[in-house]
Every structure is written in C-alpha cells, then in structure tokens.
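**Student:** In case you want the letters, here they are:
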Amino acid sequence: MATPVALVTLPTLPRRPRPVPPLTVAPESVRTCGAQLLAASAQVDDLGTFIAGKARAGDWHGTGSTSYHATLPPLGRQADAMSLALRGVAQRVDAHADEMESLVRRRTDLLEMRTGLDAEIDALEARAAAGPTAEEVVALGDDCVRVQGRVEAYEADVTLWRGDVSAEESEMVAAFERVLDLDAVDRFYGGVPDPADAALARRPGAGASATEVNDWWDSLTSTEQAAIIAAAPGSIGNLDGIPASARHAANAVALDRDLADWGNAESQGLLSEEEERWLENARAARDARDEIENRTDPVTGEPILAQIYIYDPTAFDGDGAIAISAGDLDTADNVAVVVPGLGTDAESAPYQADRAATLYESSRFLDPDETNASMFWIGYDAPDNLPWDEGWDWAQVVNEDLATQGGEHLADTIDGLRAARDGDPAHLTAIGHSYGSTTTGHAAHDHGLDVDEIVVVGSPGLGGDTDQASDLGIDPDHVWAGSNSRDPVAQLANDGWVHGELLDGAGLGDDPVEDDFGANRFEAEDVSRPDHIDFGQHSLYFEHNTESLYNISQIVNGDGATEATQAGHVHDPWWGGPQDPEWDRDPSTTTTQPRSQSGSRSVSSGGSSGPW
Amino acid sequence: MAGESSWEVVPATVGVVSRRWDEQHLDLQAAAGQIRDAGTSGFTAAVTGPARRFLTTWDRHATGLGNTCETTADGLRVAIEDYLATDRATEAEIGALDPYREEER
Numbered sequence: 017m018a019t020p021v022a023l024v025t026l027p028t029l030p031r032r033p034r035p036v037p038p039l040t041v042a043p044e045s046v047r048t049c050g051a052q053l054l055a056a057s058a059q060v061d062d063l064g065t066f067i068a069g070k071a072r073a074g075d076w077h078g079t080g081s082t083s084y085h086a087t088l089p090p091l092g093r094q095a096d097a098m099s100l101a102l103r104g105v106a107q108r109v110d111a112h113a114d115e116m117e118s119l120v121r122r123r124t125d126l127l128e129m130r131t132g133l134d135a136e137i138d139a140l141e142a143r144a145a146a147g148p149t150a151e152e153v154v155a156l157g158d159d160c161v162r163v164q165g166r167v168e169a170y171e172a173d174v175t176l177w178r179g180d181v182s183a184e185e186s187e188m189v190a191a192f193e194r195v196l197d198l199d200a201v202d203r204f205y206g207g208v209p210d211p212a213d214a215a216l217a218r219r220p221g222a223g224a225s226a227t228e229v230n231d232w233w234d235s236l237t238s239t240e241q242a243a244i245i246a247a248a249p250g251s252i253g254n255l256d257g258i259p260a261s262a263r264h265a266a267n268a269v270a271l272d273r274d275l276a277d278w279g280n281a282e283s284q285g286l287l288s289e290e291e292e293r294w295l296e297n298a299r300a301a302r303d304a305r306d307e308i309e310n311r312t313d314p315v316t317g318e319p320i321l322a323q324i325y326i327y328d329p330t331a332f333d334g335d336g337a338i339a340i341s342a343g344d345l346d347t348a349d350n351v352a353v354v355v356p357g358l359g360t361d362a363e364s365a366p367y368q369a370d371r372a373a374t375l376y377e378s379s380r381f382l383d384p385d386e387t388n389a390s391m392f393w394i395g396y397d398a399p400d401n402l403p404w405d406e407g408w409d410w411a412q413v414v415n416e417d418l419a420t421q422g423g424e425h426l427a428d429t430i431d432g433l434r435a436a437r438d439g440d441p442a443h444l445t446a447i448g449h450s451y452g453s454t455t456t457g458h459a460a461h462d463h464g465l466d467v468d469e470i471v472v473v474g475s476p477g478l479g480g481d482t483d484q485a486s487d488l489g490i491d492p493d494h495v496w497a498g499s500n501s502r503d504p505v506a507q508l509a510n511d512g513w514v515h516g517e518l519l520d521g522a523g524l525g526d527d528p529v530e531d532d533f534g535a536n537r538f539e540a541e542d543v544s545r546p547d548h549i550d551f552g553q554h555s556l557y558f559e560h561n562t563e564s565l566y567n568i569s570q571i572v573n574g575d576g577a578t579e580a581t582q583a584g585h586v587h588d589p590w591w592g593g594p595q596d597p598e599w600d601r602d603p604s605t606t607t608t609q610p611r612s613q614s615g616s617r618s619v620s621s622g623g624s625s626g627p628w
Numbered sequence: 549m550a551g552e553s554s555w556e557v558v559p560a561t562v563g564v565v566s567r568r569w570d571e572q573h574l575d576l577q578a579a580a581g582q583i584r585d586a587g588t589s590g591f592t593a594a595v596t597g598p599a600r601r602f603l604t605t606w607d608r609h610a611t612g613l614g615n616t617c618e619t620t621a622d623g624l625r626v627a628i629e630d631y632l633a634t635d636r637a638t639e640a641e642i643g644a645l646d647p648y649r650e651e652e653r
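Going line by line, the protein sequences match chains A and B. The opening position of the first sequence corresponds to residue 17 in this note's numbering, with each subsequent residue numbered one higher. The opening position of the second sequence corresponds to residue 549 in this note's numbering, with each subsequent residue numbered one higher.
There may be inaccurate statements among the hints.
As the list claims (entries may be wrong) - Pairwise CB distance ranges, derived in the manner of DEER restraints: (1) 594(B) - 611(A): 41 to 51 Å; (2) 587(B) - 182(A): 21 to 31 Å; (3) 90(A) - 643(B): 30 to 40 Å; (4) 224(A) - 629(B): 44 to 54 Å; (5) 421(A) - 640(B): 41 to 51 Å; (6) 589(B) - 31(A): 33 to 43 Å; (7) 581(A) - 589(B): 29 to 39 Å; (8) 292(A) - 622(B): 22 to 32 Å; (9) 594(B) - 289(A): 42 to 52 Å; (10) 182(A) - 629(B): 51 to 61 Å.
If you are wondering where the hints come from, they were derived from the structure by calculation, not from laboratory data. Ideal placement from N, C-alpha and C gives every residue a C-beta, glycine not left out.
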C-alpha cells in the first residue's frame with residue numbers, strides 16, 4: 017500500500033538558471049573594419065618603401081640635395097613604424113572578430129542549455145505538484161539534485177563566458193590605446209625590422225616552380241606570412257604555389273587599397289585615363305566577389321565563401337586579370353576552373369562570377385557529401401571582338417594566338433593549384449567555354465594540363481593540333497564535350513574533311529562532339545531552343561536546371577561515368593553535311609538546385625548582352 | 549633647401565621625384581579615408597568608444613603623413629623654380645625641368 021502523500025516531505029526543487037547576458041556585436045562588421053585598417057597599413061608601408069628607394073634623386077648634388085636627403089631617414093622610420101603599428105591593430109581587430117564570433121556561438125549554446133534546464137525544472141515542478149508517492153519522492157529528490165548540479169554547472173559556464181567576453185574586450189581596447197599617439201608608435205615600433213622584409217628576401221627568384229614557391233611559403237612563420245600579406249600583397253597575390261587562402265587575403269588587401277586610391281583620385285578629378293580603366297576592373301572584382309558571397313550554399317544554407325585567386329587590374333594592357341572561386345580551393349574535394357571565351361575581360365567578372373557560383377550550387381546540390389570550389393578564370397587576354405559588335409567577319413580576326421598564350425597561363429594556374437594541395441589533391445576539372453575551350457585545348461596539348469577531367473562546351477575547336485581527345489594528354493575517357501545543336505559557335509568547329517580554316521579562317525580545330533574526335537559527348541540541349549541556329553543558345557550551358565549544367569556538375573564531382581547523360585555524336589559522312597542526332601531529340605529539364613531557390617530564367621534569342 | 553638650391557644644378561630627376569611625392573600624398577589621403585570610414589558599429593559597447601577614438605586619431609596621423617609628402621613635393625618644386633630663375637640654367641635644363649614646375653596631381 018502506498019504511503020499517504022501528506023506524510024512525505026517534498027525535496028527542494030532546483031532554482032531557475034539565471035539568464036545569459038546579452039551580447040551585441042557584429043563580427044563581420046568588425047572584420048571589415050580590420051580589413052580596411054590592414055589595407056591602409058599597406059599604403060603607409062608603401063611610403064616607407066618609396067622613401068627607401070625611389071624618393072632619392074641620385075644625380076642631384078649640393079647643399080639642397082643634402083638637405084633634402086637628410087629628411088628622408090626620419091620620415092622613413094616614421095612611416096615604417098606607423099605601418100607596423102597600424103598593421104598590428106588591424107590584425108588584432110581581425111582576431112577580435114574571430115574571438116567574438118566564437119563567443120557568440122558559445123552564448124547560443126548557453127541559451128540552449130538554459131532552455132533545456134527550464135524545461136526539466138518545469139517537469140520536476142509538475143511531478144511535485146502531482147502528489148508523488150514516497151518512492152516517487154525519492155526519485156524526484158534524486159532528479160532535483162541532478163538538475164541542480166547541472167544548473168550550477170551551467171551558471172559556472174555563464175560566469176566563465178562573461179569573463180572571457182570582458183577579457184577579450186579589454187585586450188581589444190588595450191590594442192587600440194597602446195599605439196594611439198605617435199610617440200608610442202615610435203617607442204614600440206621605431207627601427208623595428210618588418211618581418212616581411214627578411215621573409216621576402218628568401219623568396220625563390222623569378223622562374224621558380226610552383227612547388228618551390230609552396231615550399232618557401234610553408235617554411236615561413238605565421239607572423240612572416242601575415243606580414244607579407246599586409247606589407248607586400250602584390251608579391252604573393254598572384255604567385256602560383258601560394259595557397260588560395262593566403263592569395264585571397266593578399267588580393268583582398270590590394271583590392272581595398274586600389275579602390276581607396278583610385279576612388280580618392282577620381283573624387284578629385286585626378287584620375288588618368290589608364291587609371292579609370294584599372295578602377296573599373298577593381299570595381300568589377302569587388303562586384304564579382306560580392307556576387308559569390310551573396311549566394312547561399314544549397315546544403316548548409318550559409319553564404320558561399322569567395323576567394324580572390326588572381327587580381328591584377330592592370331594586366332593585358334588594361335583588360336585586367338581576375339579569377340575568383342566560389343568555395344575553398346585549398347580544401348574542396350572537387351575543384352573546377354572555368355575558362356571563359358570571346359569578349360571576356362576583367363569587367364565581365366561579375367557575369368562570370370554568377371556562372372561560377374551557379375556551378376558551385378549545382379555541384380553541391382547533386383552531391384551534398386562532397387565539398388566543392390568553382391573558379392572563373394579570366395587569366396588570359398581573350399579576344400575582345402564580339403560578333404554582335406563586329407559582325408560575322410569576327411571569325412576572320414579570331415585565331416589561336418591568344419589561346420596559345422592563354423594556355424600557358426592556364427597550365428601555370430593548374431600547377432599552382434596542385435602545388436598548394438601537395439598530399440591532398442583535389443579532383444580537378446578544367447572547363448572551357450567557347451574560345452575558352454580553345455585555350456583549354458592548348459593548355460592541355462602544349463603543356464600537359466594536370467587535371468582529372470577536361471570539359472568543353474560550345475566549342476569552336478580545341479586548336480589546330482588537337483584532332484582527337486587522346487591529343488590532350490589525359491585518358492580520353494575523361495574528356496567531355498557538350499554542344500547545343502542550335503549553337504552557332506560550336507558549328508564553327510571542323511567536321512569531316514571540311515575544315516573551317518579553309519573558309520576564311522573560321523574554325524579553331526576539330527569538332528569535339530564528332531564521333532572521330534573520341535570524347536564523351538553529353539546532352540546539352542535547352543528546352544528554350546528554337547528550330548533554327550540561335551546565338552542565345554551559346555550562353556546557356558551554365559544555367560540552372562539545364563541538361564548541360566547537370567552533366568558538367570556530375571563530371572566535376574567525379575561521377576560523369578555513371579551519372580552524366582550521354583548524347584549521340586555528330587557524324588559527317590563524306591557525301592553530305594554533318595548529322596547531329598541531338599537536333600531532333602526533345603530536350604529535358606533537369607533539377608540542379610533546391611526547389612526553394614529556383615527562379616524564373618530569361619533566355620535571349622538571337623544574341624547576348626554578355627561575354628561568352 | 550629652396551634658397552640654397554639656386555646655386556646648384558637641379559636635374560630633371562628632382563621633378564620626377566616631386567611627382568612621386570604627389571602620388572604618395574594621394575595614396576595617404578586614401579589611407580586616411582579608409583581609416584576614417586572603417587566603421588565601429590560592429591564592436592560591443594565597451595569597445596566602440598576606444599575604437600572610434602583610434603580611428604579619429606589615426607585619420608589625423610595618416611593625413612599628417614600625407615601632408616608631409618605634399619610639403620616635400622612642394623619643396624622640390626620650389627628648388628626647381630629657384631634654379632630656373634637663375635641665369636645658370638642652360639636651355640636644355642630648362643626644357644627638361646619646365647614641366648615639373650606645375651603640380652599635376
């Protein structure tokens with residue numbers, strides 16, 4: 017028989033856990049502040065470098081010269097000290113952003129713990145109010161002691177967390193106050209050598225391999241690496257063999273510096289014509305980075321990481337060079353490098369960034385267990401003439417020269433990616449679109465492209481020396497070609513015995529989707545295709561929910577052999593014109609993104625406003 | 549510096565260097581702007597004040613350093629002017645130095 021409740025003393029219930037104090041902070045804004053300070057420190061560092069070198073007028077002699085040159089050392093010392101001081105604060109601000117991000121996460125955990133404890137105490141109170149039996153009171157007492165212990169542990173964690181917040185805030189404040197005045201700057205940093213100088217002095221010379229560069233970088237301390245990124249971003253930002261994360265950090269400093277420099281000159285009406293172009297390129301790089309960072313990873317729901325792998329707004333006579341990745345090139349399981357074609361220069365970077373981000377989204381969506389990085393690569397001087405600007409005679413002025421030069425650059429970039437992933441190789445795919453396929457073909461044929469897969473889409477040919485997939489230096493089973501049957505550019509390639517170069521120089525090599533070529537042809541028709549040849553179809557290979565993007569993504573993920581949908585090859589009998597079995601096949605819509613992210617897509621017909 | 553230089557040959561290199569100092573002035577102006585606009589809104593309340601004070605102070609430091617660059621460029625131009633004002637400069641030297649008498653940027 018159960019003991020009457022009235023004779024039982026109820027245990028003391030655990031006290032309610034105290035709330036977690038609020039924490040109002042925006043780590044990303046803090047990080048932006050640090051980035052701006054770091055870029056400003058690079059400017060001050062440039063002054064120090066200038067004073068030590070080009071500020072001297074060596075052929076000027078006499079007392080005036082003596083007087084002038086005597087002002088240089090103290091000013092140089094001041095600039096160097098200010099640069100180091102500002103860099104130190106900038107790096108501390110960046111570390112502060114990391115620390116505050118961690119503290120925000122810890123607070124979220126504490127909030128969850130408190131909610132859980134409240135729920136447990138609610139349950140204990142309900143059991144106590146229900147009139148428990150003696151046996152139940154014993155069990156209730158045990159549970160109260162257990163939960164009380166957890167409340168105390170939670171509160172100890174809250175106290176520790178508060179202490180860590182205060183300590184971090186104090187250290188940040190101390191960093192700001194430590195070098196507030198110039199006397200303090202000189203006291204702490206006057207005459208102090210910049211760690212970047214000694215590290216750069218050990219850098220391998222011009223012509224060093226990407227592997228040698230990578231070995232040098234790995235030999236540096238983290239302090240030396242951080243110093244180089246801040247003081248001399250241009251020395252490593254585009255250097256093959258440097259890991260992508262470091263290149264990105266350096267290029268971000270250079271980009272912020274350039275935007276500030278040329279923006280300031282522009283606001284005063286002092287920008288030269290050349291600088292105007294460079295500024296446009298810098299702004300295009302910024303917009304391209306933003307385009308990627310504003311997109312969402314379809315698996316995690318987090319913003320996509322952008323890495324600026326190449327940034328040179330002055331390259332190629334002002335056309336500029338920019339390559340930005342969606343995803344982490346240093347760690348991704350699958351890395352894709354997209355080589356664009358005709359009409360591409362740095363100003364088209366935002367357009368190309370959209371393609372890279374779309375490929376990233378599709379690849380992630382189709383294989384969520386793999387990680388990806390997709391990089392657009394404007395690393396060569398692509399032909400500028402567009403058919404809608406120049407008319408159809410453009411084919412006469414397009415030849416393989418730029419693709420040949422670009423191929424060498426592309427091979428260097430691939431070598432750099434490989435060297436930076438020594439021991440942890442990615443599954444690497446080079447994707448050439450339009451004239452970019454000719455460049456990719458030259459990279460592979462002329463230099464031996466160290467990739468796992470080669471994909472070409474909308475290709476006018478992979479170069480006159482590439483007659484077959486086996487000429488590209490990798491297993492032909494890993495050479496893939498997609499060609500929309502209505503794409504006029506793809507039809508420039510040579511079929512059968514009729515070669516385009518016989519027709520006023522139009523073709524840029526053999527047709528990679530012809531049966532004789534020996535590549536895998538995948539389906540790449542679009543549901544919007546008309547019943548005639550159409551320029552708009554040439555720009556659809558990287559659009560979501562297309563056969564083409566689906567197949568490219570499967571290949572990028574290493575699943576091409578089993579998942580890509582194969583298409584019939586073009587056949588060109590000697591008695592007639594090329595016959596494309598894809599012409600009459602009904603195109604399909606293939607899902608490459610979560611339904612929630614699908615939007616309507618507009619397809620222009622008969623032309624395109626963008627580059628290829 | 550300016551007065552003494554009138555008795556010495558001032559080569560065109562001095563003009564080139566003066567323009568480089570102007571470039572440095574512009575770059576330091578830009579750096580000051582970056583510091584000024586770096587933004588403190590992301591920091592916690594305990595850090596915002598010191599952060600704002602740091603940015604204000606360093607905006608002044610960078611601006612001051614930029615002004616020093618501008619002053620140096622101006623000083624070199626004065627040296628050029630003084631030299632050209634004397635009758636010791638040859639026609640060739642005048643031709644080489646003449647473009648640098650004016651501040652370009």
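**Student:** In this structure, is the beta-carbon distance linking residue 292(A) and residue 622(B) contained in 22 to 32 Å?
**Tutor:** For residue 622(B) against residue 292(A), whose Cβ atoms are near 27 Å apart, the range 22 to 32 Å holds.
**Student:** Holds or violated: the 41 to 51 Å window for the beta-carbon distance between residue 594(B) and residue 611(A)?
**Tutor:** Given about 45 Å between the Cβ atoms, the range holds.
**Student:** When you take the CB atoms of residue 224(A) and residue 629(B), is the distance between them in 44 to 54 Å?
**Tutor:** holds (48 Å)
**Student:** Within 21 to 31 Å or not, the Cβ separation of residue 587(B) and residue 182(A)?
**Tutor:** For residue 182(A) against residue 587(B), whose Cβ atoms are near 23 Å apart, the range 21 to 31 Å holds.
**Student:** Holds or violated: the 41 to 51 Å window for the beta-carbon distance between residue 421(A) and residue 640(B)?
**Tutor:** holds (43 Å)
**Student:** At the C-beta level, are residue 594(B) and residue 289(A) separated by a distance inside 42 to 52 Å?
**Tutor:** holds (49 Å)
**Student:** That 33 to 43 Å hint for residue 589(B) and residue 31(A) (C-beta), does it hold up?
**Tutor:** holds (38 Å)
**Student:** Taking 29 to 39 Å as the hint, is the beta-carbon distance of residue 581(A) and residue 589(B) inside that range?
**Tutor:** violated (51 Å)
**Student:** State, for the Cβ atoms of residue 90(A) and residue 643(B), whether the hinted interval 30 to 40 Å holds or is violated.
**Tutor:** This hint holds: roughly 35 Å between Cβ atoms.
**Student:** Should the hint that residue 182(A) and residue 629(B) are 51 to 61 Å apart at their CB atoms be regarded as holding?
**Tutor:** holds (60 Å)
In summary, the one numbered hint that this structure violates is 7.
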